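**Student:** Each chain, written out:
There are 2 protein chains.
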Amino acid sequence: MINKLIDKIKKTEAPIVVGLDPTMKFIPEHIKKKAFEEYGETLKGAAEAVWQYNKAIIDNIYDLIPAVKPQVAMYEQFGLEGMAAFQKTVDYCKEKDLVVIGDVKRGDIGSTSEAYAVGHLGQVKVGNTVCRGFDEDFVTVNPYLGSDGVKPFIKVCQEEKKGIFVLVKTSNPSSGEFQDRLVRTGTDAGNSQADVADRPLYEIVGEQVAAWGAECMGDSYSYVGAVVGATYPEQGRILRNIMPKAFILVPGYGAQGGKGADLVHFFNQDGLGAIVNSSRGIIAAYQQEQYAQYGAKNFADASRAAVIAMKEDIAGALAGRA
Amino acid sequence: MINKLIDKIKKTEAPIVVGLDPTMKFIPEHIKKKAFEEYGETLKGAAEAVWQYNKAIIDNIYDLIPAVKPQVAMYEQFGLEGMAAFQKTVDYCKEKDLVVIGDVKRGDIGSTSEAYAVGHLGQVKVGNTVCRGFDEDFVTVNPYLGSDGVKPFIKVCQEEKKGIFVLVKTSNPSSGEFQDRLVRTGTDAGNSQADVADRPLYEIVGEQVAAWGAECMGDSYSYVGAVVGATYPEQGRILRNIMPKAFILVPGYGAQGGKGADLVHFFNQDGLGAIVNSSRGIIAAYQQEQYAQYGAKNFADASRAAVIAMKEDIAGALAGRA
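If you read the protein sequences in the order shown, they are chains A and B.
Start counting the first sequence at 8; every next residue gets the next number (the working numbering).
Start counting the second sequence at 8; every next residue gets the next number (the working numbering).
Hints were generated in silico from the structure; no laboratory data involved.
Because the structure is a prediction, the values reported are computed rather than measured.
Any given hint could turn out to be false.
Because identical chains share one entry, a pair is satisfied inside a single copy or across any pair of copies.
In silico lysine to any residue, SDA-like type, Cα no more than 20 angstroms apart, as pairs [stated by the list, open to error]:
(1) K95 with T49
(2) K18 with L325
(3) K304 with N10
(4) K266 with E44
(5) K158 with D142
(6) K15 with K266
(7) K103 with D320
(8) K158 with A221
(9) K158 with E20
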C-alpha cells in the first residue's frame, strides 16, 4: 500500500491528503436541513449529514489527490451512527481508488493492539470464515506503550501489505510537554558528561520508527511511517534524517498554522517521503474569506479550489528548495 | 461518578473491576454455535456471541463488583457490528447500576480529543437537540500529546461529573521503552550534577495527572485518575505518593502476572485509591484448571467463583499490610 500511495502521489503530483474531519459547524445548512428532515435531529440525522457532506467533497476532489484521512473521533462523537458514516466514507473512498488513512491513533498492550490492527487493517476469523472490519489502508498509531503495542500492527501490515503512521512529534501546541523532554541515552547515562547524549524523546521514538520500519519495506519506503506536525519544521528536518525510509504524514498545514515553506524539510531529495494533510482548510474552504464567493451551496467547488491552491503552494515550496 | 465508584467499592468491599474483553477463543462453543446458527459466521454472528457471553457473565457477577471495563478494541475488531455489541454492553451494565469504564485509550490534538470526549462521556448538539453517543462513565486516555489532548476530556468530566484514567505506567513488558526514560527536570537541566534531577518519564506524567486532577475534585478523590500496571509494584508505590488524590486503575492482575501482594502499594492508607482490573482471569475462568470443574456450560458460575477468589486475595493482601 505504501507503493500504491507513492504511485498515486506521483500520478497526481500532489503529496497531499485531505482530512475528512466533519463537524456540525462545517456542514452547510442545506445539507443538515435535508438530513434532519429525513432522520430528525438525531445521531442518525447527524451521521446522514456527515455522509452527504463527505460524499459531495470526495466526488469533487478525488481525481486531484492520492489519499484521504478520515479522523475517526469526528465520527465517534455521533456514537454508533457516526461509526456507520465512517465505514461508508472509508468504503466510498476506496471505491474511488483513494488510499484511506484511518486517523485512529490507537495503541494498547500487545493482545489489544492486535485486536485494533485486525479491526482496522486486517481480518478476523469468525468460526471458519474470514471477515473484515473497518478495513482502512493505513492507520495512525500511538507509541506510548512501546514496541509490544506497535508490533501487532506491523505484523498485520506485513500480512496485508498495509501501513501505519506512528505518532512521533504531533502538531499541537502542547506536544512538547512530554515529546520534547530531554532523555538520557546510550552508555553515557549516569556519567557527568551525559548532556552530550541528552536527546528529546521524539528523536528516540523516531529511531524506533526507523528500526520497526526496517522489518517491512516497500520498494523505496517502509510500511511504517511517522506523524510529524507541520508546525514543527525544525524537528521535521531532524526526524527526516533519523528516519530516511519512513514516509512522514504531516498534519498541521493551514488552519493549525503550517505553511508550504515550512514543509520542505519533511521531504527527501527525491521529492518524496512526506504527505501533507489539510482538513478544515479544504473541507470547510467555503467558510474562508478567500473562497467565500463559492457560497455554502457550492462548498465542494470551494474545496476543489482549495486543493489546487494547496498543491501549488507545496509544489512552489519544493521547487524553491532545488 | 468518582464518588459513586468509591461508594460502590465500599458497599461491595471489592476494589475490583472486571474487564469485559471478549475474544472468540474465550467464548464457549455452545454460545458461538447458537449465534452462528442465527446470524451465520459473520461479524453480526460474532457480535451476537460476544453480547450473549457478556450478558451471562454480567448477570452472574454484577452484585459482587462496583465496575466493569469493556476494552473497546475487542469490539472494534468486529467492525460496526462489534461496536453495536459494545454499546449494548455499556447500556446493560449501566442498567445493572455498574460503573462503566470504557477502556478506549483515546487522545489527540485539542479539537479531536473534544470529539472523543463528547462521544464517550458527554453530549453532542445535533441541530437544537442534545444527543449522547457511547456514554460511558469513565474512559482511559493516552497522554502522549500533552495537556491540550487531555484537557478537553477534563472539561467534559467537569460538566458531566464523569472521570478519566490517564495512562501513566502501563502493564505491558515494553512499557519502559519510552515511559521509563530518564528525563531532565527542573532547573538542574544542563548542569553537570543533573543526574540528581533525572527522573523517569512516568513520574513526570504522574505529576501532570496530579495537576490536572486538582482542577476537578470529587469528595475525596479526583475525577482524573491514572493507569498504573500491577506488574510494576515499585513504580506503583512511587506514583501513589506523586498522585495522592488520583484513583489508580490497576491492570495486569492475574493473567499478566500481577498478584495480590503486589497491589498493596497502589492503595492509600484509607484502603482506597485503587481499583484492580482482571479480564480473562474472570471472564475465561472456566478455561483455567482451577475452575475446570464448572465446565464450559457453566462458564458464568466459574466467573463468579473467580471474582470471589480475587476479592479475597486482595482483601487478604490489604489486611496483611496493616
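**Student:** Hint by hint, work out which the structure violates, then give me just those numbers in ascending order.
**Tutor:** Going through the list in order, the structure violates hints 3, 4, 6, 7, 9 and respects the others.
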